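Colleague: Turn these sequences into a full structure, and let the hints steer you where they fit.
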Amino acid sequence: MTQVKKFWPILTGRHTYEKTLSTRGRGHGEIIKAPILAYLIETANGRILFDVGCDYEKIQNAEQRKFYYEHEGFPFGPPEMDEEERLPNRLEVLGLQPEDVDMVFCSHLHFDHAGGLCEFCNAEVHVHTKEMEAAKEPADEAYFASDFALPLNWKLQTGEYDLAPGVSAIETPGHTAGHMSMLIELPKGKPILLAGDAADLMENIEDEIAPGLCWQDQEQLAIQSIQKLKQVSKTTQANIWPNHDWQFFQEHNRFPNFFD
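Counting with my numbering, you get residues 1 to 260 for the letters of the sequence shown.
Treat the hints as calculated values from the structure; they're not laboratory data.
Since the model is a prediction, treat every value here as computed from it, not as a measurement.
The C-beta atom is built at its ideal place from N, Cα and C for all residues, glycine as well.
Accuracy of the hints is not assured; some may be wrong.
SDA-like mimics (lysine to any residue), calculated; alpha carbons at most 20 angstroms apart, straight line [said to hold, decoys possible]:
{"no.": "1", "residue 1": "6", "residue 2": "230"}
{"no.": "2", "residue 1": "234", "residue 2": "223"}
{"no.": "3", "residue 1": "33", "residue 2": "251"}
{"no.": "4", "residue 1": "66", "residue 2": "16"}
{"no.": "5", "residue 1": "130", "residue 2": "221"}
{"no.": "6", "residue 1": "190", "residue 2": "230"}
{"no.": "7", "residue 1": "19", "residue 2": "35"}
{"no.": "8", "residue 1": "5", "residue 2": "44"}
{"no.": "9", "residue 1": "33", "residue 2": "17"}
{"no.": "10", "residue 1": "5", "residue 2": "253"}
{"no.": "11", "residue 1": "136", "residue 2": "162"}
{"no.": "12", "residue 1": "188", "residue 2": "253"}
{"no.": "13", "residue 1": "136", "residue 2": "151"}
{"no.": "14", "residue 1": "33", "residue 2": "168"}
{"no.": "15", "residue 1": "188", "residue 2": "168"}
{"no.": "16", "residue 1": "19", "residue 2": "74"}
{"no.": "17", "residue 1": "230", "residue 2": "189"}
{"no.": "18", "residue 1": "6", "residue 2": "151"}
{"no.": "19", "residue 1": "33", "residue 2": "76"}
{"no.": "20", "residue 1": "5", "residue 2": "164"}
{"no.": "21", "residue 1": "190", "residue 2": "236"}
{"no.": "22", "residue 1": "33", "residue 2": "97"}
{"no.": "23", "residue 1": "188", "residue 2": "257"}
Restraint ranges, calculated between C-beta atoms of paired labels, are given here [to be verified]:
{"no.": "24", "residue 1": "188", "residue 2": "137", "range": "38 to 46 angstroms"}
{"no.": "25", "residue 1": "88", "residue 2": "217", "range": "14 to 22 angstroms"}
{"no.": "26", "residue 1": "1", "residue 2": "158", "range": "24 to 32 angstroms"}
Modeller: Shown next, in the form of C-alpha cells:
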C-alpha cells in the first residue's frame, strides 16, 4: 500500500541549448528550451525531494558564473534562474522550509540536479555509489565538485530499493555511471515514473534515442535504460515523465497545486 500523499513537479530554472545535448546525434543546429526540475513527494512518513536544481549563486554571482559557465566547456552559457525559483522559495509557497524535507534523492550529480544541495543540510542525501565515484573523477564537465563536496548526511546506495512504501529507486545508468530513476505510486490514478536524465524528451522514450552525453560514450547502455523504463511502465501501468521536455512540463505543471 503506497504511503504517497501528494506529488509536485517544481520548476527551478531553464536552460537553452542545442538539441543534440538531449538527443544523441539528432537535432544539430536546433535550439531548445529545457525546464530544470525538482519533484517533491509527500509521504505519510516524511517528504522526499527528487533532485535540487542548480546552485543559485553560481548563476547570479558574476565571478562564479564566469568560472563555472562562461568558457568553452559550456558553449550555451549558464541556465536562467530567478530568485523565486530557488527551492527554499518554492517550498515557502507551500508553507514549508528546507528543514521540512527529510530526504533528497539525487538522480545524478550534474550541476542542474545537485547544485541546490547546499540548501538542504539537514536531509539525508541519497545517491548511487557509482555516481559519486564518477562525479569525483570527474567523468565529464557537468560535474561541479563544490556542489557535492559538502558535509551532508550522505546515504550512498548500491542498487535498487524502496525509499518509502510506494517510492522506488530504479537503476538507469548510461547518461551517467550511477544514474537513478524513480517510480512513484500515487494514491489515485496511474503511477509516475520519473526518468530523470535517462530520457530528457518524449522523443528519447518514443524513438529510444540516447541522451547526448553518455558516460564513457556507452550509448547502448543508455538505450537499455530507456528500454528498461518502458518495460517498468508496461508492467506497472506508470506514465513515464521525461525530465527536460518543455512542452511536457507545461502540460503537467500544477504548482502550487499537486497530483494525488
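Colleague: Return the numbers of the hints above that this structure violates; sort them in rising order.
Modeller: 1, 11, 14, 18, 22 and 25
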